[in-house]
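*Asks:* Sequence:
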Amino acid sequence: MEKKAFQAESQRLLDLMINSIYTHKEIFLRELVSNASDAIDKLAYKALTDDKVGLDRSDFKIVLTPDQIARTLTISDNGIGMTKEEMESNLGTIAKSGSLQFKQDMAARDAGEGKGDVDIIGQFGVGFYSAFMVADHVTVISKAYGGDQAWKWESDGKDGYTMEPCEKSGVGSDVILHIKADTDEEHYSDYLEQYKLSDLVKKYSDYIHYPITMLMHKSRQKPKPADAGDDYKPEWEDYDQWETLNSMVPLWQRPKSEVKDEEYAQFYKEKYGDWEDPLTTIHISAEGAAEYKAMLYIPSHAPFDFYSRDYQKGLQLYSSGVLIMDQCADLLPEHFRFVKGVVDSPDLSLNISREMLQHTRQLKVIANNLEKKIKAELMKLQKDSRDKYEMFWKAFGMQIKYGILADYGAHKDLLKDLLLFWSSKEEKLVTLAEYKERMPEDQKYIYFAAGESVEKIAQLPQTERIRDKGYEILYLTDDPDEFVMDLLGELDGKAFKSVSDSDALPESDEEKAKAEEKAQENKDVLDFVKEALGDKVKEARISKILKSGAVCMTADGPVTLEMEKYFNKVDPERAKSMKAQRVLELNPDAPAFAALRAAMGSDPEKARTYAELLYDQALLIAGLPIEDAAHYTELVCSLMK
Numbered sequence: 001m002e003k004k005a006f007q008a009e010s011q012r013l014l015d016l017m018i019n020s021i022y023t024h025k026e027i028f029l030r031e032l033v034s035n036a037s038d039a040i041d042k043l044a045y046k047a048l049t050d051d052k053v054g055l056d057r058s059d060f061k062i063v064l065t066p067d068q069i070a071r072t073l074t075i076s077d078n079g080i081g082m083t084k085e086e087m088e089s090n091l092g093t094i095a096k097s098g099s100l101q102f103k104q105d106m107a108a109r110d111a112g113e114g115k116g117d118v119d120i121i122g123q124f125g126v127g128f129y130s131a132f133m134v135a136d137h138v139t140v141i142s143k144a145y146g147g148d149q150a151w152k153w154e155s156d157g158k159d160g161y162t163m164e165p166c167e168k169s170g171v172g173s174d175v176i177l178h179i180k181a182d183t184d185e186e187h188y189s190d191y192l193e194q195y196k197l198s199d200l201v202k203k204y205s206d207y208i209h210y211p212i213t214m215l216m217h218k219s220r221q222k223p224k225p226a227d228a229g230d231d232y233k234p235e236w237e238d239y240d241q242w243e244t245l246n247s248m249v250p251l252w253q254r255p256k257s258e259v260k261d262e263e264y265a266q267f268y269k270e271k272y273g274d275w276e277d278p279l280t281t282i283h284i285s286a287e288g289a290a291e292y293k294a295m296l297y298i299p300s301h302a303p304f305d306f307y308s309r310d311y312q313k314g315l316q317l318y319s320s321g322v323l324i325m326d327q328c329a330d331l332l333p334e335h336f337r338f339v340k341g342v343v344d345s346p347d348l349s350l351n352i353s354r355e356m357l358q359h360t361r362q363l364k365v366i367a368n369n370l371e372k373k374i375k376a377e378l379m380k381l382q383k384d385s386r387d388k389y390e391m392f393w394k395a396f397g398m399q400i401k402y403g404i405l406a407d408y409g410a411h412k413d414l415l416k417d418l419l420l421f422w423s424s425k426e427e428k429l430v431t432l433a434e435y436k437e438r439m440p441e442d443q444k445y446i447y448f449a450a451g452e453s454v455e456k457i458a459q460l461p462q463t464e465r466i467r468d469k470g471y472e473i474l475y476l477t478d479d480p481d482e483f484v485m486d487l488l489g490e491l492d493g494k495a496f497k498s499v500s501d502s503d504a505l506p507e508s509d510e511e512k513a514k515a516e517e518k519a520q521e522n523k524d525v526l527d528f529v530k531e532a533l534g535d536k537v538k539e540a541r542i543s544k545i546l547k548s549g550a551v552c553m554t555a556d557g558p559v560t561l562e563m564e565k566y567f568n569k570v571d572p573e574r575a576k577s578m579k580a581q582r583v584l585e586l587n588p589d590a591p592a593f594a595a596l597r598a599a600m601g602s603d604p605e606k607a608r609t610y611a612e613l614l615y616d617q618a619l620l621i622a623g624l625p626i627e628d629a630a631h632y633t634e635l636v637c638s639l640m641k
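Letter 437 of the sequence shown, counting from 1, is numbered 437 in the numbering used here, and no numbers are missing.
Since the hints were derived computationally from the structure, they do not count as laboratory data. Here the structure is a predicted model, which is why all the values come from computation and not from measurement. Idealized CB from N, CA, C, for every residue including glycine. There's no promise every hint is true.
Capping the alpha-carbon separation at 30 Å, the derived lysine-lysine pairs in BS3-like fashion look like this [unchecked claim]:
no., residue 1, residue 2
1, 383, 425
2, 530, 494
3, 293, 373
4, 180, 168
Label pairs and their computed distance ranges (CB to CB) [unchecked claim]:
no., residue 1, residue 2, range
5, 376, 523, 27 to 35 Å
6, 417, 577, 12 to 20 Å
7, 312, 59, 37 to 45 Å
8, 305, 184, 28 to 36 Å
9, 5, 312, 39 to 47 Å
10, 272, 184, 49 to 57 Å
11, 510, 303, 26 to 34 Å
12, 486, 527, 46 to 54 Å
13, 164, 361, 42 to 50 Å
14, 170, 136, 22 to 30 Å
15, 407, 437, 23 to 31 Å
16, 571, 510, 41 to 49 Å
17, 269, 305, 57 to 65 Å
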C-alpha cells in the first residue's frame with residue numbers, strides 16, 4: 001500500500017483548512033452531509049437520462065452511524081461515488097472540488113436551455129478537510145456508479161494519504177471519522193452522541209433534500225400483562241429504530257397557497273421560541289436579478305432585550321437548504337431589525353468556509369427587495385387590520401422613529417407613512433396621511449404638541465387657541481418625537497408646527513399691531529419679572545399663544561423644552577450644553593397678571609414672590625422639575641399669612 005503526499009503544500013495548507021477557515025468545529029458535519037447530498041444530486045441528475053441507474057428520488061438517503069466503542073462516526077450516502085482517479089484528484093488535492101467541476105459541466109450542458117434544477121452546494125473543495133477538526137484519522141470508502149472496483153482512501157491529515165482497493169456492495173461513499181480524544185478544552189465525544197448529531201442536523205442540514213437517517217437507541221414501557229395485579233411495576237425495554245433527522249422540504253420552498261396559517265405560526269414559535277403567534281407572515285418567491293425564497297415574520301411583541309445593545313438583528317440565511325449564517329444582519333435595515341425569518345438563495349457568493357458572505361450585488365438586491373416587501377406588508381396591515389397594526393406600533397413604533405432619525409434622515413421618506421400619533425380630534429392614533437386628509441382648507445400647518453402623556457398635553461394652555469380654531473393637534477409623547485418632526489419638516493407642502501410657536505396661527509396686520517401695543521404697555525412688568533428671575537429665563541414676554549391660561553413656558557432657539565428633558569434622561573453630561581433658552585410667557589388679560597402689576601406699586605416684595613410663583617407654575621405645566629421645591633412651598637405659605 002503506497003503512501004502518497006498531498007498535491008498541494010500539504011502541511012501548511014491543511015493546517016489552514018483545519019485551524020483558520022472554520023470558526024466552529026461542529027461545522028464539519030454540515031460540510032460532510034452537504035458533500036453527501038452533492039453526490040446524490042449527481043446520481044439523481046444522471047438518473048434523469050440513464051435508466052440503468054435503477055433508483056428514483058425516494059431511494060436516496062444519507063446515513064449517520066456513531067460507534068462509541070470504536071470511537072468512529074460514519075457518514076454514508078448512495079450517491080454517484082468516486083473512481084480511484086477522482087478520489088486522488090478530489091481528496092488528494094486540497095481545494096480541488098468535484099462539485100464545482102460538475103456544476104460547471106452542467107452549466108455548459110444547459111447553456112441555452114434554461115437553468116438546471118440540481119443544487120450543488122460545494123464550490124471550494126475544502127469542506128471535506130473540516131473533518132480533521134474533530135478526527136485524528138479519516139477513511140473514505142467509495143465505489144463509483146458504473147465501476148466494478150471500490151477504493152479506500154485514508155489519512156491522518158498530516159503529510160499524505162494511502163489508497164488501496166477494497167470491497168463495497170453498492171455505489172456511494174462512506175466517510176469514517178475516528179474521533180479525537182477529549183481534552184480539557186474540547187469534549188470531542190459529543191460528536192458520538194445521538195442527541196448531539198441530531199441537533200446538528202436540525203441546525204445546519206434540516207432542509208437537505210434527501211433523508212438523513214440514524215439508528216436511534218430508545219426505551220419504551222412494556223405493555224402491562226393482562227393478569228398483572230395492582231402491585232405491578234412497569235417494565236422497560238430497549239430497542240433500536242431508524243429515524244429521519246431532517247424535515248427535507250422547508251415551508252418557504254412550498255407554494256404559498258399550500259401552506260396553512262397554523263403551519264406558519266407553528267414554524268415561527270418553534271424556530272424563535274415565542275409563545276405568541278406572529279402578527280403577520282411574508283412569504284416571498286423571487287426570480288430575476290436575484291433568485292431567492294424568503295419567509296419573514298413580524299412579531300406581536302418586542303423581545304425583552306430589543307432596545308438593548310445585546311439584541312442582534314438578522315435573518316437566517318440558507319444556500320440551497322444549507323444553513324450558512326444564523327443571523328445575517330446585512331439582509332435587514334436597522335429600522336426593520338424586529339423582523340424574524342429565513343432567506344434561501346442559490347445565487348449567493350460565499351467565502352471559502354461558507355460561514356460568511358461576500359458583499360455582492362445579489363445580497364444588496366435581496367436586502368433592498370426585502371425592505372420594500374416589509375414596508376408593503378406593514379402598510380397592508382395598517383389599512384386592513386388596524387388593531388394588529390396598532391399592536392405592531394406599540395411594540396416597534398419607537399424603532400420606526402429611530403429609523404427616521406438615523407443616517408441624517410436618509411430613510412424618512414420610506415418610513416413616514418408608518419408613523420402613528422395621538423389625535424386631539426379623533427382621540428385615537430392616526431397616520432400623517434389621515435391627519436392631512438381632514439385638514440380644513442384654511443389650515444396652514446400640521447400642528448403638534450409635545451409632553452409626557454396625552455392627558456398632560458391636553459391640559460397645556462398653549463393648545464387652547466389651536467383647538468378653538470377647530471384644528472387637529474398631534475400629541476407627541478415619546479422622546480424622539482420632536483426630533484422626528486424637525487427632520488420631516490413638512491408633508492406634501494404642509495409644514496409641521498408646534499402649538500408653542502408664536503406664529504402658529506397667522507396674524508393680520510391689525511393683530512400684530514395690537515400685540516405690539518400690549519407688549520409696549522406692559523414693558524415695565526416684563527422688565528420687573530426678568531429682573532426678579534435673573535438668569536432663570538432668557539426673556540419674559542407678553543404671550544401670543546395663551547388664551548385663558550395665565551402663564552406658560554416656551555423656548556427660543558433650536559433646543560425645545562422636550563429636547564432638554566430627553567438629553568437630561570439619556571446623556572446628563574451632554575445635557576449641560578443642551579439647555580433650552582427659557583421664555584416665560586404671560587397673559588396680560590389674566591387676573592394673575594393684574595395682581596402682579598398691582599403688587600409692583602404697593603408691595604414690590606410680594607410682586608417678586610408672584611413672579612417666582614408664576615415661573616414655578618410654568619415649569620410644572622411644562623412637566624419640568626421645580627428647581628427648589630422647599631423654596632416654592634415657602635412662597636406659597638407666605639401668601640397664606
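*Asks:* All the hints need checking, so say for each whether the structure fits it.
*Replies:* Checked hints:
no., hint, verdict
1, 383 - 425, "holds (20 Å)"
2, 530 - 494, "violated (36 Å)"
3, 293 - 373, "holds (13 Å)"
4, 180 - 168, "holds (26 Å)"
5, 376 - 523: 27 to 35 Å, "violated (59 Å)"
6, 417 - 577: 12 to 20 Å, "violated (35 Å)"
7, 312 - 59: 37 to 45 Å, "holds (42 Å)"
8, 305 - 184: 28 to 36 Å, "holds (33 Å)"
9, 5 - 312: 39 to 47 Å, "holds (44 Å)"
10, 272 - 184: 49 to 57 Å, "violated (35 Å)"
11, 510 - 303: 26 to 34 Å, "violated (59 Å)"
12, 486 - 527: 46 to 54 Å, "violated (33 Å)"
13, 164 - 361: 42 to 50 Å, "holds (48 Å)"
14, 170 - 136: 22 to 30 Å, "holds (28 Å)"
15, 407 - 437: 23 to 31 Å, "holds (30 Å)"
16, 571 - 510: 41 to 49 Å, "holds (46 Å)"
17, 269 - 305: 57 to 65 Å, "violated (19 Å)"
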